[in-house]
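Q: What follows is the residue order along each chain.
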Amino acid sequence: GAVVSQHPSWVICKSGTSVKIECRSLDFQATTMFWYRQFPKQSLMLMATSNEGSKATYEQGVEKDKFLINHASLTLSTLTVTSAHPEDSSFYICSALGQYNQPQHFGDGTRLSIL
Amino acid sequence: TQLLEQSPQFLSIQEGENLTVYCNSSSVFSSLQWYRQEPGEGPVLLVTVVTGGEVKKLKRLTFQFGDARKDSSLHITAAQPGDTGLYLCAGLVGGADGLTFGKGTHLIIQP
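Chain order of the listed sequences is A and B.
Quick note: the first sequence uses our numbering, first residue 4, plus one each step.
Quick note: the second sequence uses our numbering, first residue 6, plus one each step.
Since the hints were derived computationally from the structure, they do not count as laboratory data.
Beta carbons: idealized from backbone N, C-alpha and C, even for Gly.
Just to be clear, a hint being listed does not mean it is correct.
[Said to hold, decoys possible] Distance ranges between label pairs, derived from CB positions:
hint, chain 1, residue 1, chain 2, residue 2, range
1, B, GLY57, A, GLY64, 26 to 36 angstroms
2, A, GLN45, B, THR25, 17 to 27 angstroms
3, A, GLU55, B, GLN19, 42 to 52 angstroms
4, B, THR67, A, GLY19, 46 to 56 angstroms
5, B, GLN19, A, THR83, 39 to 49 angstroms
6, A, GLU90, B, VAL33, 28 to 38 angstroms
7, A, GLU90, B, VAL49, 27 to 37 angstroms
[Claimed, not checked] Lysine-lysine pairs mimicking DSS-like chemistry, simulated, CA-CA at most 27 angstroms apart:
hint, chain 1, residue 1, chain 2, residue 2
8, A, LYS23, A, LYS67
9, A, LYS44, A, LYS17
10, B, LYS62, B, LYS108
11, B, LYS75, B, LYS108
12, B, LYS62, B, LYS75
13, B, LYS108, B, LYS61
14, A, LYS67, A, LYS44
15, A, LYS44, B, LYS108
16, A, LYS67, B, LYS108
17, A, LYS58, A, LYS23
18, A, LYS69, B, LYS108
19, A, LYS44, B, LYS75
Given only the sequences and the hints, what does the whole structure look like? Please build it.
A: The structure is reproduced here in structure tokens:
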């Protein structure tokens, strides 16, 4: 089955640090990837849609200069949280969509803790 | 903005009992998916329903998609402790869109 790998799985860093999270589709080409955020005891909220070779589309209320997304190849999208603050602490999850609009396949998430 | 109302948010029942989780919306979805998520992991797809009125069965789990494609339900028969987890419904409007998730149902099955 389709596998999506997310790295790192856990990050703890100081306030003001920028953190990069990678999302890779391991056995299929993903024309579209999505980034979600999940706060404790809450559901997933879509942050942005990442399309290979073009600019990401951000949901309302998500700062594009704060959450930089790059989708440079059909198997890799990255999310960089710039100048992270404690309120950015959350569980970030990516998903990937193949060429034939298959169901989205999710990575295992990245737990980000900003001290 | 599409919204999915999922209920109940928390449910704790005894092993062997039956339960139903509901997802309702005023929006029409092209498909609706049910996921199960364990702590610290990403959601795992259980089923996708596409056709209005569709019913899908996965062992003791029965999924229904409403005729108008605005609502869905998950019914678990004879719940077992291994069913404990967070269940999420998620709706899709277009094939290449992001998913709209319900708030999730935290299910605990007590032995």
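Q: If a hint holds in the structure, say so; if it doesn't, say that too.
A: Structure-based check of all given hints:
1. B:GLY57 with A:GLY64: 26 to 36 angstroms: Check passed, 32 angstroms falls within 26 to 36 angstroms.
2. A:GLN45 with B:THR25: 17 to 27 angstroms: holds, 22 angstroms
3. A:GLU55 with B:GLN19: 42 to 52 angstroms: holds, 49 angstroms
4. B:THR67 with A:GLY19: 46 to 56 angstroms: Because 50 angstroms falls inside the window, the suggested range holds.
5. B:GLN19 with A:THR83: 39 to 49 angstroms: holds, 47 angstroms
6. A:GLU90 with B:VAL33: 28 to 38 angstroms: holds, 35 angstroms
7. A:GLU90 with B:VAL49: 27 to 37 angstroms: With Cβ atoms ~29 angstroms apart, the hint holds.
8. A:LYS23 with A:LYS67: Given that 27 angstroms is the threshold and the Cα spacing comes to 14 angstroms, the pair holds.
9. A:LYS44 with A:LYS17: Judged against 27 angstroms, a Cα distance of about 24 angstroms means the pair holds.
10. B:LYS62 with B:LYS108: holds, 23 angstroms
11. B:LYS75 with B:LYS108: holds, 16 angstroms
12. B:LYS62 with B:LYS75: Since the Cα atoms of LYS62 of chain B and LYS75 of chain B sit roughly 19 angstroms apart, the hinted pair holds (cutoff 27 angstroms).
13. B:LYS108 with B:LYS61: With a Cα-Cα distance of about 22 angstroms, the restraint between LYS108 of chain B and LYS61 of chain B holds, given a limit of 27 angstroms.
14. A:LYS67 with A:LYS44: Cα-Cα ~25 angstroms, so holds.
15. A:LYS44 with B:LYS108: holds, 9 angstroms
16. A:LYS67 with B:LYS108: Within the cut-off at roughly 25 angstroms; holds.
17. A:LYS58 with A:LYS23: holds, 17 angstroms
18. A:LYS69 with B:LYS108: holds, 25 angstroms
19. A:LYS44 with B:LYS75: holds, 25 angstroms
Checked against the numbered hints above, the structure breaks none of them.
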